[in-house]
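Take the sequences, apply the hints, and build the full model.
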Amino acid sequence: GGDKEKKKKESILDLSKYIDKTIRVKFQGGREAAS
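Counting in this note's numbering, the sequence shown tops out at residue 35, every number present.
One should not assume that every hint holds.
As the list claims (entries may be wrong) - List time: in silico DSS-like cross-link candidates among lysine-lysine, alpha-carbon distance up to 27 angstroms:
id, residue 1, residue 2
1, K26, K4
2, K7, K21
3, K6, K17
4, K17, K4
5, K9, K26
6, K8, K21
7, K7, K17
8, K21, K9
9, K6, K21
Honestly, the hints are just simulated from the structure, not real lab data. Note that the structure is predicted; figures quoted are calculated from it, not measured.
Have a look at this one:
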C-alpha cells in the first residue's frame, strides 16, 4: 500500500504547514488576529 502512505504523508505535511501559519499569525497579531 505505497499509495496510502504517500497520502498520509502529504496530509501531515499540509497539517504542519497550516499549524505553522496559525502559530505565526498568533505571534504577530496576538489575541486580536485569533478572534
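Evaluation of the provided hints:
A hinted pair counts as satisfied when its Cα atoms are at most 27 angstroms apart, and K26 with K4 does not qualify at roughly 33 angstroms. The straight-line distance between the Cα atoms of K7 and K21 is roughly 21 angstroms, inside the 27 angstroms bound, and the hint therefore holds. Restraint check for K6 and K17: satisfied, since their Cα atoms lie roughly 17 angstroms apart, inside the 27 angstroms limit. Restraint check for K17 and K4: satisfied, since their Cα atoms lie roughly 20 angstroms apart, inside the 27 angstroms limit.
Restraint check: the Cα-Cα separation between K9 and K26 comes to about 26 angstroms, which is no more than 27 angstroms; the hinted pair holds. About 20 angstroms separates the Cα atoms of K8 and K21, which keeps this hinted pair within 27 angstroms; it holds. Between K7 and K17 the alpha-carbon distance is near 15 angstroms, which keeps this suggested pair within the 27 angstroms criterion. Note on K21 and K9: the hinted pairing holds, with a Cα-Cα distance of about 18 angstroms set against a maximum of 27 angstroms.
Distance check on the hinted pair: K6 and K21 sit about 23 angstroms apart at the alpha-carbon level, within 27 angstroms; holds.
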